[in-house]
Every structure is written in structure tokens, then in C-alpha cells.
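Asker: The primary structure of each chain is shown beneath.
Protein chains: 2
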Amino acid sequence: MARITGSNGERTAEAIRQAAIRLIHRQGFAAMNLRELAAEVGIQPGSLYNHIQTKQGLLFELMQEHMQDLLSAMEAALAAAPAEPMAQLRAFLAQHVLYHLERKQEVYIANFELRALEKANAEPILAMRRAYENRLIGLLEEGARAGKLQVADTRIAAYALLAMLTGVCTWYRPGGRLSPEEIVAQHLELALNGVSAAAFECDTTVLPATLGQA
Amino acid sequence: MARITGSNGERTAEAIRQAAIRLIHRQGFAAMNLRELAAEVGIQPGSLYNHIQTKQGLLFELMQEHMQDLLSAMEAALAAAPAEPMAQLRAFLAQHVLYHLERKQEVYIANFELRALEKANAEPILAMRRAYENRLIGLLEEGARAGKLQVADTRIAAYALLAMLTGVCTWYRPGGRLSPEEIVAQHLELALNGVSAAAFECDTTVLPATLGQA
DNA sequence: CCGGAAAACAAACGTATGTTCGTTTAGCCG
DNA sequence: CGGCTAAACGAACATACGTTTGTTTTCCGG
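In order, the protein sequences belong to chains Z and S. For the first sequence, numbering that gives the first Met the number 0 begins at 0 and goes up steadily by one. For the second sequence, numbering that gives the first Met the number 0 begins at 0 and goes up steadily by one.
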């Protein structure tokens, strides 16, 4: 959530946030240095400290804001959809893909820079992520109870679906071959087919035992 | 340092590689420093340079070895499976999950430290990755032509499947609740259902338009 | 047992890094 | 216009980093 104040100092704070997102996404948090960030914003390195507490604190705030936005976007999507389990699941998945297309840089950071957070900072972020995951797990359980879905393990299925849908932010480029709507539709199809009751029987007995390496 | 070596100093080179994999996986390449790596191996920082060329060169070699192993494991799995398209696809997917369970640290590095590679080093790695992806795309196209699969866009489907299956290396811990076989089986089911000809019809018209942020 | 090569050592070099500090500039309110 | 506050400046500090160097130790074949 971004507050729109007319204040001038708040404007540089936002510029810092956006430049940081760009740089962290491009190079990673550890590889981004504050001199580069300051240059991108157009101020001196020391001036950053009028707006951030520390480099680590900046990352934490970016992640926190992002996770809050993701959670509230998800809740809004669920509230806007019919209460029926499959419609709720569909809404969750569609909003997930769309959000990841629109804010791929922040998503990328939130997913791959968790290890850069100090333990005390990682805890609340992880809690929010778990809350998000649990919402999906709950929907999958509802659908399974209603006989609309067939999943052997809802947690594994949730992780797998999230990984698949989150993957779009690693290759998506705005203005590419496919429109966001097409991408969302196709991922919805893959995801819903994957957990649908029309199950594909898989025998686990014939696995390739060919992982030998020197 | 009394080294209980059986043969030669090639053993320290291997120790460096393994320690590097562990540290890069835990902290990221940029956040890992050579003093820490040397301490982990039990030598002085400068001694590393008897075995590596530069820090960047170490990362490149790790990635190159990993990609070569992944590619040859994949080719071996395909060669061991029946030539029929669906069996080939199944073998590819199963071997992918299994490999990612067994060597999750290297996989994690190869996937998420590409941006730490200098451009000249990234190129051959990216080429190998594309070769791997293209193998899957080819199998999906074969299956679609044979009428066994229904995928709107094979490239998107391949990316989505790979993202889903690769996701296991972010949460899997050896000795956890589920055996590797169970994990492979369930992911196979999700993946094959997802692209199966028994398609779930998805209308793209009702998408949540709830991504507004002020 | 010896001599040469491979590898480890201790120490340093040059630079880059996050952060601090005292000072100066710019914007707003009365 | 005058004064207060927030923010930018420029310079520095202390440390951490990748890497190099000269020297010493370890290992193995002849």
C-alpha cells in the first residue's frame, strides 16, 4: 500500500524503494551496494540514511510491504469470487499468476532473498508466507472433501502449484509473445487439470535409477 | 593440518567444491567470502588459489559440472525408457524430480545464481539449460501430435512443469515426512494430469481485476 | 634418502563496503 | 522575510573483501 502524500521527502523515499527493487532484482541483495543505489536515485550515499535505517532494514521493509500487498490482494480476490470451493480455488490461482506477472520483480525478491534476511527479520516474513500457503492448502482440502479434487497430499500439491505459477516471474517479459490473460488461462488449465478428480494413474514402481555420477 | 589423504591434493579440490556448494546454497554466491570457504575447508584463504582460478571461475565450474551431469542423467533416463512418447515424457519428468531431490543444493545454485555469472560465463550455461528445456518441449510436442496430450503452448507448458518440479528443491529435506518415491509419484501425477488430453475447460473472461494498488 | 614439485602458510595490497558525522542547502509556516 | 526542520552534501572511518606474493612445509618418485 502506498500512501500518496504530497510531501517532497516522501517522494525520494519511494524513489529509493523502486530503485532498490530494480537493483536487487537484477543483481541480488548482497551484490547491490548502497553507492550504486544512491547513484540510481541521484543522491549521495550518506543521504540514503535519511530514509532507511540500514541496508538490511530496507530489504525487510520491501519484503514486508510486498507480502502484505500479496495477502490483501489474495483476500480481495477470494472475497470477490463465489463461495463455492472450486470458484474460490480458481480465484486464488488466477490472482496468484496475475499478481506475479504484474509485480515480478518484488515477487522474485521476496522468494529468493529470504536467506539475506537476519533471523529476526525473516520470522515475520515467513509467517506471512505460511499464512498465504495455508490459505491454498485449505482450499485444496475443501475441494477434496467435496469430491471435486483428487490430491494425495494437499501440502505437497500446494507447494507444487505455487512453484509452477510463481515460475512465470522468471521468464515473463511485458509485451512478449503472450498476453497476461493467455498466460493466466494456460496456467489455470495446467493447475486445475493437475489436481482434478479425473486422475491419471501413476505407478511409482518404474522409476529411473539412473542418477549415478562420478 | 594433517591430511589423512589416500592419494593426492585433488582431494582438497573436491573438498573446496563441496564446501562451496554448501556455502553458496546457504548464503548465496555474493554473500559467501573466500575466507569463510577456506576456513570450512581447513586451509588459509590464499591456498584456495592453488585449486581455483578466481571466485567467479569457481562458480562457473560448479555450474558447468552440474549442468553436464543433469543433461547426461536426463539422456540416460530417456535412453532407458521405452521409445513411446508418453513413456519418454514420464521418464523425463521422473528423473527431473529425482535428480532435484538428490542434488538440491547444486540445483538451487544453478537456478538462482545465474545472475552472479559474468556474461561470458553465463552464455554456455544458458545454452545447456536451453538444450534441457528444448528436450522437454520436444517431448510435449510429440505427445501433442500423437493426441495423447493437450497443451495450448508447449513452451509455456514446459516452463510451468519445470518450475513445478524444480520447486521440490526449495522445501525438501532428506528424512522428512515423505519418501522421495512418494514425492516423485505425486509430482508425476500433477504434471501428467496437467497436460493430459482430458482437459479442464478454462474461460479466461472472469479474471480477478483486483490488483489495484494506489 | 634426496631433490623437485605441489600445496599450504603468513602477510600484505588495493579497493569496496556499510555507515557515521558535522555542515550546508532547500522548503515550508507564520 | 526569518527561522525551523528535514534532507542532501562531502568526507571520513573501520572493516571486509578478492587476490598476490615470497617463503616454508609436505609429499612422492627415483
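The set of hints was computed from the structure by calculation and includes no laboratory data. Treat the hints with care, since some could be wrong.
Here are the simulated DSSO-like cross-link-like pairs (lysine-lysine), alpha carbons at most 27 Å apart as the crow flies [stated by the list, open to error]: (1) Lys147(S) <-> Lys147(Z); (2) Lys103(S) <-> Lys118(S); (3) Lys118(Z) <-> Lys118(S); (4) Lys54(Z) <-> Lys103(Z); (5) Lys147(S) <-> Lys54(S); (6) Lys103(Z) <-> Lys103(S); (7) Lys103(Z) <-> Lys118(S); (8) Lys118(Z) <-> Lys54(Z); (9) Lys103(Z) <-> Lys118(Z); (10) Lys54(S) <-> Lys54(Z); (11) Lys103(S) <-> Lys54(S).
Asker: State for each hint whether it applies.
Answerer: Hint check:
1. Lys147(S) <-> Lys147(Z): holds, 24 Å
2. Lys103(S) <-> Lys118(S): holds, 25 Å
3. Lys118(Z) <-> Lys118(S): violated, 33 Å
4. Lys54(Z) <-> Lys103(Z): holds, 22 Å
5. Lys147(S) <-> Lys54(S): Given pair Lys147(S), Lys54(S) is violated - Cα atoms ~47 Å apart, limit 27 Å.
6. Lys103(Z) <-> Lys103(S): holds, 24 Å
7. Lys103(Z) <-> Lys118(S): Distance ~22 Å between Lys103(Z) and Lys118(S) Cα, so the pair holds.
8. Lys118(Z) <-> Lys54(Z): Distance of about 15 Å is within 27 Å: holds.
9. Lys103(Z) <-> Lys118(Z): holds, 25 Å
10. Lys54(S) <-> Lys54(Z): Holds, because 24 Å separates the two Cα atoms, which is no more than 27 Å.
11. Lys103(S) <-> Lys54(S): Judged against 27 Å, a Cα distance of about 22 Å means the pair holds.
Hint violations for this structure: numbers 3, 5, all remaining hints satisfied.
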